[in-house]
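> Listed here are the chains, written in short residue letters.
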Amino acid sequence: MPNFFLDNSDLSFHFKKFDLRNIVALAEDDYAQAKEFPDAPVNYDDAMENYKKVLEIVGDLAASRIGPRTASVDLEGVKLEDGSVSYASGTQKSLHELAQADLMGMVLPRKYGGLNFPFTIYIMAIEIISRADASLMNLFGLQDIGDTIRKFGNERQREEFLPKFSTGEYTGAMALTEPDAGSDLQSVKLQAYQNQDGAWFLRGVKRFITNGNGQVLLVLARSEAGTKDGRGLSLFVCKSGGSVKVRRIENKLGIHGSPTCELQFNDTPAQLIGSRKFGLIKYVLDLMYRARMGVSAQALGISQAAYEEALRYARDRVQFGKAIYALPAVSNMLIEMRVALETNRSLLYHTAQAVDRKEKVEELVEKLKGEGKSFAEQNSELKQATKLANLLTPVTKYVLTESANRMAYDALQIHGGTGYMKEFRVERLARDARITNIYEGTSQMQIVAAAGNVMNDILKEDFDAKEARTYRSGFDKLVECLKEIRSLFYDALKYVLEKKDTTFQDIAAKDLVELYSYLIIGYLVLDDAEVDQRKAFIANRYILNALAKARGNVEAIKSGVFSDILHADKILLNHD
Amino acid sequence: MYHSIVLVKQVPDTANITGNVMQEDGTVNRAKLPAVFNHEDKVALEIALQIKDTYGGTVSAITMGPPRASDILRECLYMGADRVYLISDRKFAGADTLATSYVLSEAIKKIGAFDFIFAGRQAIDGDTAQVGPQTAEKLQIPQITYVEEIRSVENRTVTAKRKIDGGFEIVRCTLPVLLTVVKDTAEPRSFKAKRVMAYKGARSLMEIEKLVEGNSLLSTDALVNEYESRSLFIRTLTMDDLKLDAVRCGVRGSPTKVYEVDSVVLSGGEHEHVEPTKAGIGKLIDKLIEDHILG
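Chains as they are written, first to last, in numbering that gives the first Met the number 0: chain R, 0 to 575; chain X, 0 to 294.
Because the hints were derived from the structure by calculation, they are not lab data.
One thing to keep in mind: the hints can contain errors.
Unchecked claim - A few chain R residues that face chain X, going by a derived Cβ cut-off under 7 Å, partial list only:
| # | residue |
| --- | --- |
| 1 | P37 |
| 2 | N49 |
| 3 | I56 |
| 4 | E96 |
| 5 | Q99 |
| 6 | A100 |
| 7 | D101 |
| 8 | L114 |
Note that CB positions come from ideal geometry on N, CA and C, so glycine has one too.
Construct all of the structure, not just a fragment, from the sequences and the given hints.
In structure tokens:
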């Protein structure tokens, strides 16, 4: 039986490397939950065995059932008839099967019917599902909605919504974007107002809402009349149907199985989540960590699928008397893809664990606060963890989603003319990949999000420590390369800071973030290579490539190539 | 509310036969084949679970087999079976369909009241399609074989569509009844994550005995009790538990003897040309009758 978890040795590699001991202990109340729930683990090894077995179920569903339906889902798409949205028949079947297998509440607590899994495992499940059908991820990956209600809602809301998320009866949507508020969510206008009894109602329009037809909507709305910025926004939860109208669904380039809706709220009754005015500045920002990780995992799943298609085709296709796989130009492209795939995976699961740690420490701090206990130590740990997650999340989304596009592009290229035809899967992958570096924050926004921490060099101590330690003898050259990349980074950073020009900084940020990403990933793959000999090939190609690119990044910053930005109007608009 | 019993069997995974599995004499080296859940039995379990989902009730799965058949009983638990039974004894070895159906029918009598018994049409190792029907006969209940759809269950009456040569027929029957199902009747559901985590530690008597073997600090009875208290004991029934007639079990109770096994290698050989005329077809039919292929 094909299985997208078991057939991918790189997933097993990372699964075995996971260090979730503290995370699981916190999530399982030091394994006390086992007394109450038969599916709860009794210790860490038991927990890891559980995760493995459940990922096997995900892998089985993805390979045997979801994957074979993807072409028909892409063709059939979603429909809007008489105001109600229906999924493609294949999507409906897949959702039913995921729910039947208890997989729709993976991260929710057991008392609400969930599996209480670490975020990291959920991210791996998303990668596996996305390899089969990227568009299904948009529904499967919206389990975060439930998690946001769990984190910031009250107990009554948790009891009202979460059990039905766990059974799959509810799916949700994050209704944030509006026609005039995309990347700039501070401009959200949708109005939230109260009646005399204090009940909340929503009025206005949301656009580009993934799964906007879902039963439960999390809505970012302006609760403070007269305000203009993010501090006037609050988060609300409401049910769909009734006064919420799906006005249209978008006709998209890719992810056809996932409905993208325009929603009109006509005095829709809603409940406030958490506290007023914290909607954007706390809750949405928090939700974004997980949403961005979800999209990164989606991008990696698409990349894996694209690589498989390219490899298979290259080995089957004979030209000039041999498989094109044997042509150096093609095999080189395949190696580039494979290296990107594996290094991206190292970054994804490194970041997933960092986000997991941050979330769990955050909960611990809240718990200690609630119990009136001292939490100073945990609080400083939380600060560190938050800083790290703040850096790694946008870097991961930037690198993985750009890379997915590159890989889908190359995979199609390897197919030649046939790749351009609808009959081959690779053209769908190229279309599906294209959204990943746009939604949940464009690549350009990820650079902005990461730039501050990069310019503050927040991983300085980590990199110092890595430079100080000894690696296996064969890795001397790679270690030297990483040191060189680091000094190139400092060289570029110094240049940017000394220039004291914010416009220049904004442009140079992309190169600086990329330089920093080479260091983050470079050391991760070096660590991988220490435990797995085959990974030395991956580390070698990645780090040598990174050094070449790093030289280019620095050159771009220092050469003055960006100075013409001051003359943009002359270049672009022919203004004198 | 209906109580169903499902007959399941662990079979060699014939989809993964490799070179060293087939032996010189044409028999199969079972030790080299991974064992799997007979697919049609899994379909039978799915139908039983669907009846439970719709009308309520319970689903019990039973298998007669060696200790390692516990694997498929765990899979039954993962899919949603409420109770599972391993019918296992060295003295059951070598059973043909007659002996197997005897043991199964006695086990079912012991397990208790039921409304439905479901089984796959046949197992892929023997391909006899006899165990289901023979079990029904021994229990003296009606049977519907080759079921491809359950049309309805009302007033303790089931209406089923069964496959026959060249078409189908609709059959109605009062409960209790035994049904054998074909592979297209339903797609077996996936394992349920929570049940996999909850039941992955379920063990049969023989598996517990194995744990005890290497450890003098453990006792089988104590361990069985512990597994039972955690709902992790796979109920295990031996010949003594069932008070069976030894003469009717295993090899002794099996009149079927394998006389000879031929390794048949299909290959294209000679061929005769038949004229597409009345006379030509007539000659062909005569030849087929002569070769005992027809008639």
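> Please go over all the hints and tell whether each is borne out by the structure.
To see whether the hints hold, each was checked on the structure:
{"no.": "1", "hint": "P37", "in the structure": "holds (4 Å)"}
{"no.": "2", "hint": "N49", "in the structure": "holds (5 Å)"}
{"no.": "3", "hint": "I56", "in the structure": "holds (5 Å)"}
{"no.": "4", "hint": "E96", "in the structure": "holds (6 Å)"}
{"no.": "5", "hint": "Q99", "in the structure": "holds (6 Å)"}
{"no.": "6", "hint": "A100", "in the structure": "holds (5 Å)"}
{"no.": "7", "hint": "D101", "in the structure": "holds (4 Å)"}
{"no.": "8", "hint": "L114", "in the structure": "holds (6 Å)"}
The earlier numbered hints are all upheld by this structure, with none contradicted.
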